[in-house]
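Chains as they are written, first to last, in this note's numbering: chain A, 469 to 778; chain B, 469 to 778; chain C, 469 to 778; chain D, 469 to 778.
Careful: at least some of the hints might be erroneous.
Identical chains blur together in the list; that is why a pair holds if it fits in one copy or across any two.
[To be verified] Calculated lysine-lysine pairs in the DSSO-like style (CA-CA distance at most 27 Å, straight line):
hint: 1; residue 1: K595; residue 2: K507
hint: 2; residue 1: K555; residue 2: K593
hint: 3; residue 1: K607; residue 2: K545
hint: 4; residue 1: K555; residue 2: K662
hint: 5; residue 1: K662; residue 2: K545
hint: 6; residue 1: K545; residue 2: K595
hint: 7; residue 1: K733; residue 2: K595
hint: 8; residue 1: K733; residue 2: K607
hint: 9; residue 1: K607; residue 2: K662
hint: 10; residue 1: K575; residue 2: K607
hint: 11; residue 1: K662; residue 2: K733
hint: 12; residue 1: K507; residue 2: K733
hint: 13; residue 1: K555; residue 2: K545
hint: 14; residue 1: K607; residue 2: K595
hint: 15; residue 1: K593; residue 2: K733
hint: 16; residue 1: K575; residue 2: K733
hint: 17; residue 1: K514; residue 2: K593
hint: 18; residue 1: K662; residue 2: K507
Hints in this document: simulated from the structure, not taken from any laboratory.
There are 4 protein chains.
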Amino acid sequence: SGLWRGTRGHTSASRLDLSGIYPPIATPFTAREEVDYQKLEENLHKYAQIPFKGLVVQGSNGEYPYLTEDERVEVVKAVRRSLPSDKLVMAGSGCESTRATIQLTEKMAAAGADAVLVVTPCFYKGKMDSRALIEHFIKVADSSSVPVVLYSVPANTGLDLPVDAVVRLAQHPNILGLKDSGGDITRIGLVVHKTSRQDFQVLAGSAGFLMAAYCVGAVGGVCALANVLGRELCELERLCVTGRWDEARALQQRLIEPNAAVTRKLGVPALKQAMEWFGFHGGACRSPLQPLTEAETEQLRRDFTSNGWM
Amino acid sequence: SGLWRGTRGHTSASRLDLSGIYPPIATPFTAREEVDYQKLEENLHKYAQIPFKGLVVQGSNGEYPYLTEDERVEVVKAVRRSLPSDKLVMAGSGCESTRATIQLTEKMAAAGADAVLVVTPCFYKGKMDSRALIEHFIKVADSSSVPVVLYSVPANTGLDLPVDAVVRLAQHPNILGLKDSGGDITRIGLVVHKTSRQDFQVLAGSAGFLMAAYCVGAVGGVCALANVLGRELCELERLCVTGRWDEARALQQRLIEPNAAVTRKLGVPALKQAMEWFGFHGGACRSPLQPLTEAETEQLRRDFTSNGWM
Amino acid sequence: SGLWRGTRGHTSASRLDLSGIYPPIATPFTAREEVDYQKLEENLHKYAQIPFKGLVVQGSNGEYPYLTEDERVEVVKAVRRSLPSDKLVMAGSGCESTRATIQLTEKMAAAGADAVLVVTPCFYKGKMDSRALIEHFIKVADSSSVPVVLYSVPANTGLDLPVDAVVRLAQHPNILGLKDSGGDITRIGLVVHKTSRQDFQVLAGSAGFLMAAYCVGAVGGVCALANVLGRELCELERLCVTGRWDEARALQQRLIEPNAAVTRKLGVPALKQAMEWFGFHGGACRSPLQPLTEAETEQLRRDFTSNGWM
Amino acid sequence: SGLWRGTRGHTSASRLDLSGIYPPIATPFTAREEVDYQKLEENLHKYAQIPFKGLVVQGSNGEYPYLTEDERVEVVKAVRRSLPSDKLVMAGSGCESTRATIQLTEKMAAAGADAVLVVTPCFYKGKMDSRALIEHFIKVADSSSVPVVLYSVPANTGLDLPVDAVVRLAQHPNILGLKDSGGDITRIGLVVHKTSRQDFQVLAGSAGFLMAAYCVGAVGGVCALANVLGRELCELERLCVTGRWDEARALQQRLIEPNAAVTRKLGVPALKQAMEWFGFHGGACRSPLQPLTEAETEQLRRDFTSNGWM
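Okay, chain A solo, but in the shape it has when bound:
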């Protein structure tokens, strides 16, 4: 029904394989809150050494709501330029309105994104029922020249993309999969089950339930913690896909608290602090995100040390 057919001709035969681990990269800022492209590039060089499937740019951890549209596109260009071409670039292009999402999606494709990650609009949450969300995503997928990955992140949006909407959208040839950050494993299993005929690909949206998600049929993960412990998450992936569940379990368990610390408990400022500890550039956050207090920094450190990571 739209542009994507003519330009790329995706069919189920040629669907992009999303399986693997992706860090949703943080955006380092200078002390003056400008995007620090130098530090970003240094991070990218290090990430290129880790067996990631690709990178997510402008996921929630990238502080994308704090970037201008120009900055959002510019960062994607910088990543694409710097990253080996065999690594996928999945770019967040979701906006509140359908028209803005369509426009940004095209810019992201032009900037070199291999796929776009489109978050649920959420401001009018009372009206964002399946009908509205299906309409939104179909319009975006129809017009996009690159494949679309749905993105449900209720902790930020207050909204879970309903399963029936996912099932309906999975039938669209330009919608490849779902990043589910809600972590309801029953729901993830159900989505896999109900979309099994569409070769729909589900990615776990957090490291805390990555192994369980693999267990019920997910094909990969977009995990904030991969900014810090990327090799370990790729190792967890390898253990899961090769069926070495006992080893996987032991590793998974040690990742739960560090992951909670850099996401739900202490957020992006903690992620950036932990990146600094592990040899990456985190940098400052943009206001109104605040630096960690001393007590928070201690808590963060404890969540890594008590699990043997520091």
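Chains B, C and D: place on chain A using the hints.
Chains B, C and D alone, transformed into the frame defined by chain A:
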């Protein structure tokens, strides 16, 4: 501590009086989803005949998250141009980042806004504690050349500006008041109580609790329903401020269901439909907001007719 | 349709007038967690001096879920015995099952209750829709020989009795009113509005929104804080019903924080501690309710002193 | 520290092995809402043929909040009498107060329960923090002559037993494990991880996430759906514990929708209806639980047929 001191010299003596009723105006769109300035202007001419204290432009009902920054500013200019100068223009200038909010605030002031309404940032809701929100609003208020009104709208943001943050911010000479759309009347009473020495002005954010808010000390209301039943809400104001509580109660009660219909229950599409019924231009919504279904239209109609408004 | 018709013959002409203030009395326990009837009686003698309309026995603050059925009935008997006959005794008789509620209601009536307060069953909250709740309350009201007051307390039950259920139940001749502890003032106004033909009586379930509830049409309040500041709440009632709203507002505002402290913030242990400070017997709580920590006691004291009550 | 030491002498060496599948049995009622012991016994005979580890009596699906204390004990006696002695009987003995829980626990032990399942008290949810809950469970475990299993079921109680409380309680020699019905798989993994030195046993509280729970380290499940599809759940257990994850996944996926139907979506009345379809006695529910509507019955049927179970 900032720009606003020098340029306007607000002191407690000269504080802008916010008391009264404001419609948070809807933005009419054409069938192609462009801003329909012609229809907007016709609405403004009608609103000028109603004893409103002023208008809120880019409140939640204005679909501001669906407008570009340029459109947001342009609409404020159009309103200021068209509206008699004795009517206040309060412009929504809240963005997720502090820096974007500061920039848009200045554009709104330059576009003719008498005050800005600044919503709580909310995407990283887990990190938006009092510390972060106080820092955000102080930076904005310090730099703004026009007075700032705080805006708490948990139904959309998933976040209630904490009372202790409001109390702290009320001490800032460039923060005049709070639009509270949460509707917790105990909280509204407490805010009035704890800011009584600062001459802080609280506005009810919805018509459903307007009378109760006056009762506990609010000075006015920003009410979606004022787009439809503006005269009636100004009449309710008059009854409250003159102490005619029995008449006020009878009128208030008839407004609860129509108000719920155009806000919590059926949202902006219902507000725009009701505007059409009552002689204003509602127009289409931008996608992903969907037109009302037939069943929803019937429900909307019932909420007006059963209370004697149609 | 049931027993109550024959035995008492309530008609709308003879409906019990519920208007006024009620403390939902605390149950003092000994150090060994036995009901301390001696201390209870001393409290009752003091309450008899305050112009309360009556007392609620076995409301949430009475720790009724921690009492055996025998204790629940025994306490009501003790209260009825001790209290002047012109004071109403409203006894909590709600249980999870309809049959248990019916049985306890009869025991409460036999023990001397003038009316029963019946809380929404809540354990199977997903199934407690309007259909189930209407059925439950009608069966109870049909069989009860004393009038029934509905009780909605979402902070404890996780469930708000839906407005449509209240409106339906208000038509039952043996259902007199609603104690609403949720505090949504828009909802309270709507209930008053939609039941105006049934002479249905709404009681505010907390002191924090008592004045606002009067303002929108409530006829009284069942307020935990009345255990501590009973005279002051009766004075607030007097100011509201005589239309002295400015004085009412000043008094109401000073009650919000003490009320929040003994309810939402610090709960029954704080209520009992405050009772001790103000010359009543609070006594211990039953486990698992814990005594206040020192920090909590300080916070409680501050909420009273900063409002001029200590 | 209490009775249980002397009488049973549990040590970590002799800890009761909880691993396996348990139906939390439904309580069949007659049309007059009396416990139907005849039908109960017939169900038990059928359950005895299924390789369950044991039965849970008075779990949420047993409508225990609708039973009198005498009925609760009587049903346990009936189950113990009828069930082969190699099957465990785990009896729900949780009440709101600590003292009532202690008393009922002893009655359950005397009635033949091998262990008790103790739900979190929840009425005063604002006060049920880790401090209160730890105190409660320690007192119960100290005095109980049979081992205690913690029970967290937030959909009914509005309360999740905090992980730090679980970790603390796992050190008590008479607290064997946790039934977790919340289904947060990250939390379940973390509990397994943080209690690994205590040989603490975690049971999944619902069939929807049974496989994922095994994957992260749970040892069994207490699953409403086992009342209906007991053999299938025991087969799923076998596949998980023998590491046949691909087969497990295919089976697990077909169980998600039937499980949701008899729990979260349609509740106990649906569970009882499905039992009738599959050759067991469900019987009526006690009021206020209502029979399924026709539309609900259709939905229930669809959730079984579309997954190939009917």
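Verification of the supplied hints:
{"no.": "1", "hint": "K595 with K507", "result": "between (41 Å within a copy, 25 Å between copies)"}
{"no.": "2", "hint": "K555 with K593", "result": "neither (35 Å within a copy, 32 Å between copies)"}
{"no.": "3", "hint": "K607 with K545", "result": "within (25 Å within a copy, 32 Å between copies)"}
{"no.": "4", "hint": "K555 with K662", "result": "neither (29 Å within a copy, 36 Å between copies)"}
{"no.": "5", "hint": "K662 with K545", "result": "neither (36 Å within a copy, 43 Å between copies)"}
{"no.": "6", "hint": "K545 with K595", "result": "neither (34 Å within a copy, 29 Å between copies)"}
{"no.": "7", "hint": "K733 with K595", "result": "between (29 Å within a copy, 9 Å between copies)"}
{"no.": "8", "hint": "K733 with K607", "result": "between (35 Å within a copy, 26 Å between copies)"}
{"no.": "9", "hint": "K607 with K662", "result": "within (22 Å within a copy, 43 Å between copies)"}
{"no.": "10", "hint": "K575 with K607", "result": "within (16 Å within a copy, 32 Å between copies)"}
{"no.": "11", "hint": "K662 with K733", "result": "between (32 Å within a copy, 18 Å between copies)"}
{"no.": "12", "hint": "K507 with K733", "result": "within (26 Å within a copy, 46 Å between copies)"}
{"no.": "13", "hint": "K555 with K545", "result": "within (14 Å within a copy, 47 Å between copies)"}
{"no.": "14", "hint": "K607 with K595", "result": "within (17 Å within a copy, 33 Å between copies)"}
{"no.": "15", "hint": "K593 with K733", "result": "both (24 Å within a copy, 11 Å between copies)"}
{"no.": "16", "hint": "K575 with K733", "result": "neither (34 Å within a copy, 36 Å between copies)"}
{"no.": "17", "hint": "K514 with K593", "result": "neither (39 Å within a copy, 31 Å between copies)"}
{"no.": "18", "hint": "K662 with K507", "result": "neither (42 Å within a copy, 37 Å between copies)"}
The structure is inconsistent with the numbered hints 2, 4, 5, 6, 16, 17, 18, although it conforms to all the rest.
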